[in-house]
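With chain X held as given, fit chain D onto it using these hints.
Number of protein chains: 2
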Amino acid sequence: MKLNGRIWIEESDKFIGIGRVELLELIKKTGSINKAAQTMNMSYKKAWGLVNSMNEQSSKPLVLTQTGGEKGGGATITDEAQRLIDAYKEIQERFKKFLSDETSKLHR
Amino acid sequence: MKLNGRIWIEESDKFIGIGRVELLELIKKTGSINKAAQTMNMSYKKAWGLVNSMNEQSSKPLVLTQTGGEKGGGATITDEAQRLIDAYKEIQERFKKFLSDETSKLHR
Chain X
1 MKLNGRIWIE ESDKFIGIGR VELLELIKKT GSINKAAQTM NMSYKKAWGL
51 VNSMNEQSSK PLVLTQTGGE KGGGATITDE AQRLIDAYKE IQERFKKFLS
101 DETSKLHR
Chain D
109 MKLNGRIWIE ESDKFIGIGR VELLELIKKT GSINKAAQTM NMSYKKAWGL
159 VNSMNEQSSK PLVLTQTGGE KGGGATITDE AQRLIDAYKE IQERFKKFLS
209 DETSKLHR
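Taken in sequence, the protein lines are chains X and D.
In terms of my numbering, the first sequence opens at residue 1 and continues consecutively.
In terms of my numbering, the second sequence opens at residue 109 and continues consecutively.
Isolated chain X (complex conformation) (with noise of 0.2 Å):
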């Protein structure tokens, strides 16, 4: 038997989880919001509804898009959602410990 789980942060309803701190690092690796959908095999249609999503529920501006351009722009992440993957990441780090020692727990 093993204990597994997920966790995310919320703000008035879900808000950062696993798929969406994924998602905005792809954005600031590529760039772009279409070539990190294609990264997570995600239509450009819900990688758009999530930036949207993100954005409008942080109080501070998380993605930031250029128009214009011959491949219309591109995007980058702010400060805050840098903030943000890096605390997700910190308490998934200490989750993991969490699962693992709950786990071997389970086994005694």
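No lab work stands behind these hints: they were computed from the structure.
Hints should not be assumed to be uniformly reliable.
[What the hints assert, rightly or not] To give an idea of the chain D side of the interface with chain X (calculated C-beta under 10 Å), a few residues:
(1) 112
(2) 115
(3) 118
(4) 133
(5) 156
(6) 193
(7) 195
(8) 207
(9) 213
(10) 214
The structure displayed is predicted, hence computed values, not measured ones.
Beta carbons: idealized from backbone N, C-alpha and C, even for Gly.
Just chain D now, kept in the frame of chain X:
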């Protein structure tokens, strides 16, 4: 901001989570899978599916059903099921503390 999450015990697959624990407790309380399902606003069919799935995944049976009698007999849970319920609830308490501690850290 608030940290929230869900945990479950896995065997080969997802095995016991908060919904299944509630179902087992209601079977214990009402002596009937039907009554337990009704209390949870769950269909008879879904509750039986969950019970069968739990019994199949577990090395020891968790729910015993009796056939016969006017209303088709009742259901009881085994000591093994009670042990799992207790383990899940203890872990859930520690998980709540984890979530609340991490929520406090988010606000610092």
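Structure-based check of each hint:
1. 112: holds, 5 Å
2. 115: holds, 3 Å
3. 118: holds, 5 Å
4. 133: Result: violated, 19 Å to nearest chain X Cβ.
5. 156: Cβ of residue 156 of chain D sits 24 Å from chain X, so the hint is violated.
6. 193: violated, 13 Å
7. 195: Since chain X brings a Cβ to about 6 Å from residue 195 of chain D, closer than 10 Å, the hint holds.
8. 207: holds, 8 Å
9. 213: Where the cut-off is 10 Å and the nearest Cβ of chain X is about 8 Å from residue 213 of chain D, the hint holds.
10. 214: holds, 6 Å
In terms of the numbered hints stated before, the structure departs from hints 4, 5 and 6, listed from lowest to highest.
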